[in-house]
Structures are given as C-alpha cells and as structure tokens.
Amino acid sequence: MGDSGLASEVNEHQRLQLQFQLFQESLPKVDETIYRMLLNEAVPLAISVEKSLTHHKEDATGQLEAELDSKLALESQQGDASHKLLKDYLAADQDQQTRIKTRLENIGFQLGQKLSQLLIFSNNPNLSFKDMDLLSVMKFVCRDVWKQVFGKQIDNLKTNHRGTFYLLDYNYKPIEPFTLEEDLSDQEQKLIEPFLHVPCGMIRGVLASLGFEKEGQVTCQATLVDPPDSKQAGAGTFTKSVSFNVQVLVGR
Amino acid sequence: MAIQTILVINKSGGLVYQRDFIKTGAKLSSNEYLILAGTLQGVVAIASQVTPKALQISAKTGSKTANEPSQLIPYVGSLGAPAQNLSDMGSFMGQDFFNESFPSWNQSGLKHVTTDQLSMFLYQTLTGLKFVAISTQSTTNAMAVSIAENLLRKAYCLYADYVMKNPFHDPEMPIKCELFDTHLAELVGQL
Amino acid sequence: MSANSASISASSAGPKKSLKTFGDDIWKNKTAKINAELFTLTYGSIVSQLCTDFERDFKKVNSQLYAMGYNIGVRLIEDFLARTALPRCDSLAQTSEVISKCAFKIFLNVTPQVGNWSNNKDAFSLFLDENPLSDFVELPMDAAKELWYSNILCGVLRGALEMVQMDCDVWFVNDVLRGGQSTEMRVKLNRIMKDEIPAGED
Numbered sequence: 001m002g003d004s005g006l007a008s009e010v011n012e013h014q015r016l017q018l019q020f021q022l023f024q025e026s027l028p029k030v031d032e033t034i035y036r037m038l039l040n041e042a043v044p045l046a047i048s049v050e051k052s053l054t055h056h057k058e059d060a061t062g063q064l065e066a067e068l069d070s071k072l073a074l075e076s077q078q079g080d081a082s083h084k085l086l087k088d089y090l091a092a093d094q095d096q097q098t099r100i101k102t103r104l105e106n107i108g109f110q111l112g113q114k115l116s117q118l119l120i121f122s123n124n125p126n127l128s129f130k131d132m133d134l135l136s137v138m139k140f141v142c143r144d145v146w147k148q149v150f151g152k153q154i155d156n157l158k159t160n161h162r163g164t165f166y167l168l169d170y171n172y173k174p175i176e177p178f179t180l181e182e183d184l185s186d187q188e189q190k191l192i193e194p195f196l197h198v199p200c201g202m203i204r205g206v207l208a209s210l211g212f213e214k215e216g217q218v219t220c221q222a223t224l225v226d227p228p229d230s231k232q233a234g235a236g237t238f239t240k241s242v243s244f245n246v247q248v249l250v251g252r
Numbered sequence: 001m002a003i004q005t006i007l008v009i010n011k012s013g014g015l016v017y018q019r020d021f022i023k024t025g026a027k028l029s030s031n032e033y034l035i036l037a038g039t040l041q042g043v044v045a046i047a048s049q050v051t052p053k054a055l056q057i058s059a060k061t062g063s064k065t066a067n068e069p070s071q072l073i074p075y076v077g078s079l080g081a082p083a084q085n086l087s088d089m090g091s092f093m094g095q096d097f098f099n100e101s102f103p104s105w106n107q108s109g110l111k112h113v114t115t116d117q118l119s120m121f122l123y124q125t126l127t128g129l130k131f132v133a134i135s136t137q138s139t140t141n142a143m144a145v146s147i148a149e150n151l152l153r154k155a156y157c158l159y160a161d162y163v164m165k166n167p168f169h170d171p172e173m174p175i176k177c178e179l180f181d182t183h184l185a186e187l188v189g190q191l
Numbered sequence: 001m002s003a004n005s006a007s008i009s010a011s012s013a014g015p016k017k018s019l020k021t022f023g024d025d026i027w028k029n030k031t032a033k034i035n036a037e038l039f040t041l042t043y044g045s046i047v048s049q050l051c052t053d054f055e056r057d058f059k060k061v062n063s064q065l066y067a068m069g070y071n072i073g074v075r076l077i078e079d080f081l082a083r084t085a086l087p088r089c090d091s092l093a094q095t096s097e098v099i100s101k102c103a104f105k106i107f108l109n110v111t112p113q114v115g116n117w118s119n120n121k122d123a124f125s126l127f128l129d130e131n132p133l134s135d136f137v138e139l140p141m142d143a144a145k146e147l148w149y150s151n152i153l154c155g156v157l158r159g160a161l162e163m164v165q166m167d168c169d170v171w172f173v174n175d176v177l178r179g180g181q182s183t184e185m186r187v188k189l190n191r192i193m194k195d196e197i198p199a200g201e202d
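Chains as they are written, first to last, in full-length UniProt numbering: chain A, 1 to 252; chain B, 1 to 191; chain C, 1 to 202.
Please keep in mind that the hints were generated in silico from the structure rather than gathered at the bench. Just so you know, not all the hints are guaranteed correct.
Listed next, the in silico DSBU-like pairs over lysine-lysine satisfying Cα-Cα at most 30 Å (straight line) [stated by the list, open to error]:
(1) C:Lys28 / A:Lys147
(2) C:Lys28 / A:Lys84
(3) A:Lys139 / A:Lys158
In this text, all values refer to a predicted model and were calculated from it rather than measured experimentally.
All chains, please: the whole structure from these sequences, using the hints.
Have a look at this one:
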C-alpha cells in the first residue's frame with residue numbers, strides 16, 4: 001500500500017512536470033539568436049555609455065562645444081562597432097572599468113528580480129514556498145533561473161551550509177562563441193570579466209527578490225575555472241567553465 | 001569529392017579564413033593565398049562584365065520581371081546532414097540547415113573553375129562575402145556544382161551562427177573561431 | 001487601423017512559395033526559440049539602466065539604443081541571409097514584405113503591417129500591432145514624452161539594410177507606449193549603394 005501511494009505521488013509529480021513543460025512551450029516565443037545577441041551586446045553598450053558619459057564631463061567647460069557635439073552625435077548615431085568598444089575596455093582606467101562592471105551588474109540585478117517573479121507566477125511544480133530556505137533558493141537559481149535564461153542548468157552546486165556557495169557552470173552559454181587562446185593572458189581574461197557581471201547581478205537580483213535584500217548581504221563573484229577532467233572535451237580550447245562564488249550573510 | 005581547402009573572402013577582397021583539409025595536398029604560402037583571394041575578387045567582377053550584353057538583357061526581361069531567379073540550386077539532402085546530434089545545429093533547428101532549393105546570389109560572376117587536377121567553387125553572399133571550396137577532383141558535372149553550392153551555403157550558415165556571434169570578431173580581420181573550425185571540419189568530413 | 005488601408009501588397013511573391021509561408025516555415029521548423037517574456041524583461045532591464053545612466057536624458061538613451069541595434073543588425077543580417085537565401089529585392093515594396101513577413105517573423109514571431117507609402121514609393125511604415133520588446137511595459141510620464149522605447153529596432157534595420165547596400169533612415173514616428181494610436185516605424189530609402197553591390201549579381 002505504501003508503494004502504490006508513492007507511485008501515484010510520482011505520477012502526480014510527473015503529471016505536474018509535464019503540465020508545466022507544456023505550459024512553458026505554449027508561451028510566446030522569440031528567436032534564441034537575437035536573445036543571445038541582445039544579452040552579449042549589453043557589454044559593448046555599457047562601454048559605449050561610459051565613453052559617452054566621460055566624454056561629456058570633459059566637455060562640460062565648453063558649453064558650445066558640448067552642444068555641437070550632441071548635434072553631431074545625433075547625426076551619426078551609429079557609434080563604434082562592438083569589437084572596437086570591447087578593445088576600448090582594456091584601455092579604460094580602473095574607475096571606468098569598475099563603473100562599466102557595475103552598470104552590467106545592475107542590468108543583471110534588475111533582470112534577476114523580475115525573473116523570479118516570472119518563474120514564480122508560472123506555477124512551477126519544483127517550487128514550494130512553504131519552507132524556502134537559502135539552500136532551496138540557491139537550487140532554484142541553479143535549476144529554474146539558469147534553465148530559463150541559458151537553456152541549461154548549473155552543473156554543480158557546492159556549499160559549506162554557512163552561506164558560501166559555489167555554482168559551477170562547465171559551459172557557460174553566453175561566452176560559448178568566444179575564441180581566445182588557451183593560456184588566457186591577463187588581457188584576455190579581463191575582456192571576459194564584464195560578460196560575467198551580468199549573471200552575477202542576476203543571481204543577486206533573484207536572491208534579493210526572495211528575501212535576501214539587505215544592502216551588502218549578498219556578494220557574487222565569477223571566475224573562469226578549469227572544468228573537471230571528465231568534462232574536458234575539446235583540448236586546446238579555452239575553458240568556458242565559470243565558477244560563481246556567492247556569499248550570503250545570514251542573520252541568526 | 002574531396003575538399004582540399006576552404007577560403008572565406010570578405011567584401012573588400014581580403015582573405016579572412018583559409019583552412020586545408022588534406023594535409024598532403026599542395027600547399028600555398030599564406031601570401032599566395034592572399035593573392036589568390038584578391039585575384040578571385042577581381043575575376044568575379046570581370047567575369048560579370050564580360051557577360052554578353054544580349055544575355056544580360058534577356059536575363060533581365062526574361063526571368064527577372066517574373067521575379068523568378070533564372071536558376072535555382074537544388075537542395076542536396078544527403079550532404080553532411082548532421083548526424084542526429086541536434087546540439088551540433090547551433091541555433092538552427094531540424095535535421096539540416098535548410099531543405100529547399102535556393103537561388104544563387106551570384107548570377108553572372110565566376111562560380112566554378114576547373115583544371116585537369118582540381119575544381120574551385122565560389123559562393124557569394126548578398127553582403128559580398130565569398131566562400132571558396134577547392135576540390136581535388138576535376139569536374140564539370142552539374143551535380144558536383146550543386147553539391148559545392150550546398151556545402152558552401154552551409155559553411156555560410158556556420159559563419160552566421162558562430163563567427164557573427166563572437167563579439168570580439170572584427171570583420172576586417174582573419175576569423176579566429178574554434179566553433180566555426182570544428183563544425184566546418186565536421187561538415188567537410190561528412191562529404 | 002486606418003493606415004493599413006494605404007498598404008500596397010507586393011504583387012511579386014518571390015519564390016514559388018509566398019513569403020508568408022516561407023517565413024512561417026522557417027520560424028516553425030528551423031529556429032531555436034526562447035521565452036518571449038524573458039526577452040522583454042532583459043530588454044527592459046537594459047533600457048532602464050540606460051535611463052539611470054543618462055539621468056533620464058532620453059534623447060541620449062534613444063541614440064544608445066539605436067547604436068546598440070546597429071551593431072546587432074550588421075551581424076544579424078548574415079544569419080537572416082544564411083537562413084533564408086532570399087534573392088535581392090528588386091523593389092522597396094518587396095523589401096518591405098521581406099522585412100515584415102520574413103525578418104520580423106523569424107526573429108520576433110510578429111508580422112508588422114506595411115503601409116503609409118510615400119508618393120514616390122521611397123518610404124513606408126511598419127505598424128507593430130504586437131511588439132515583444134514592450135509587452136506589459138508602461139512608461140513613466142517623463143519618459144513617455146521623449147523615449148522611443150523600442151529604438152533598438154531602428155538600429156537593427158538600419159544596420160542590416162546597410163549590409164545589403166541599402167542606405168536607409170529608420171525611425172519611430174509613433175508608439176502606443178507614448179499614448180499613440182499605433183506603433184509605427186518609418187523606413188526611408190535614401191539610395192542604393194550601387195558601387196558596393198557585389199559583382200556578379202545581375
């Protein structure tokens with residue numbers, strides 16, 4: 001009797017899963033390519049914003065010049081090409097780089113906040129908010145948030161059960177098309193950094209919307225790491241494994 | 001048909017990609033490949049200019065007004081259809097990148113060169129990119145030309161999917177993109 | 001929508017299939033898809049960050065969005081051409097149909113209405129009844145006066161058309177987000193860059 005009870009529970013769970021999947025599939029869709037492009041293009045955009053802001057500060061003395069400038073800017077709206085903007089990032093000073101990264105992190109943060117609402121309202125059977133502790137929130141990030149945005153789940157979640165988490169993605173999708181040398185030079189490593197600030201912000205945003213919202217309560221840092229040997233498929237290619245280190249201060 | 005080399009030439013005639021698939025084949029120096037790219041760029045233009053006026057006019061009044069491109073390249077199904085593995089299709093869905101005959105964007109330019117030892121095929125896109133395949137087989141067979149056009153359009157699909165999605169890529173610079181490399185090698189390997 | 005009555009249909013349907021069937025087919029069978037709402041939210045986060053960065057100077061936000069779109073458009077066109085292999089359009093009417101029934105369909109799964117042709121047929125409008133960029137978006141009062149929320153689309157079209165040697169201006173003339181009757185994008189062909197058309201096409 002106990003067995004059949006379990007079986008029907010499993011079936012019920014499967015039914016809900018299937019229902020959820022069908023529901024997800026029935027939602028309006030757009031092409032994946034443009035989404036990937038939009039997300040990655042946020043990085044050159046953030047650099048371009050920084051350039052335009054600092055440029056204007058320098059010009060603040062000459063009002064006329066600034067006016068002329070904005071007129072010219074309107075006429076040639078195209079701006080710089082993305083690959084050029086990315087190179088400009090390397091030339092930018094520390095403060096500028098920090099502002100660019102903060103900007104991207106803010107975009108991610110806002111996205112994360114809205115995303116958890118989107119996922120919660122969609123009747124996901126994997127979510128129960130009765131006893132949503134920190135660990136289940138992190139599992140929600142690894143499973144549902146990642147699946148929704150990157151089409152795959154986080155590959156490995158590690159925790160010390162005291163607020164430190166490592167989320168390992170062995171193939172972080174947005175940087176998949178990037179090609180860099182295997183031995184990442186400092187410069188190249190630097191070029192990848194801003195792309196990782198969007199998901200960092202996103203993780204913080206999701207956590208904030210689920211109750212971990214105090215200023216400075218959550219920090220998140222991403223680093224490129226070597227994947228475990230079993231996952232190291234193509235040798236001679238640079239690793240696309242990313243480790244997200246999330247620190248949450250939990251009040252007792 | 002064994003593909004010896006694939007080249008990609010950008011719209012200003014610069015060689016941006018060159019890869020040999022047969023190690024034993026005759027090797028050109030990188031400088032020679034650059035010259036080849038520039039030469040092809042010029043020859044395509046000249047070829048379209050030497051098209052007799054009469055043919056140009058008849059092509060215009062004949063097929064163009066009906067808005068039916070004069071020739072459709074038949075879809076060659078069996079060619080390099082990626083084996084089951086859907087993840088290999090990148091952002092493309094289904095069994096193959098496309099499955100219909102398609103018009104050539106290159107109507108009067110050079111498309112096919114053949115010597116006793118080899119053939120060279122050219123596929124030109126609307127944006128001015130040229131994809132070139134050099135085959136170790138001498139052929140004037142229409143089927144071979146169709147196969148080559150299909151192959152090169154697929155190379156274009158790979159280019160769009162991988163090279164264009166690398167934000168570091170500069171269109172004036174050589175293509176450095178490992179996903180493009182591996183998928184192109186697979187495509188050629190399946191031939 | 002009154003403007004629709006002005007729409008002319010491109011009588012030349014292109015390949016054997018109609019452009020509509022062609023676009024629908026590629027959308028349905030050939031493209032990987034993601035949730036439209038995710039796309040909306042992501043774009044919303046980007047726009048909102050821009051508004052903060054430029055301290056609600058919406059003109060600057062508009063031009064950043066445009067520039068961002070341009071950078072996407074010049075690359076996205078290759079994806080579009082590789083997928084469709086559509087022949088060069090021989091009239092702007094045909095271009096408008098390709099943009100609406102194929103490009104918008106394949107990438108955004110919407111089909112804007114084409115209309116409001118200029119007298120000399122060098123400009124037309126796209127009416128977006130649905131716009132996945134701005135679903136459920138409401139603009140604050142100050143933004144509703146100056147922000148063209150979906151301005152990225154203008155940049156994308158401008159960039160993509162330039163790559164196929166069409167020098168066009170693209171801009172929004174109306175947006176339901178700003179209280180307009182419709183969301184209307186204007187495309188004006190300045191000239192075809194004949195010198196840059198790849199040799200061998202004609």
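Status of the hints after comparison with the structure:
1. C:Lys28 / A:Lys147: Within the cut-off at roughly 22 Å; holds.
2. C:Lys28 / A:Lys84: Measuring from Cα to Cα gives roughly 35 Å; hence the hint is violated.
3. A:Lys139 / A:Lys158: holds, 11 Å
In summary, the one numbered hint that this structure violates is 2.
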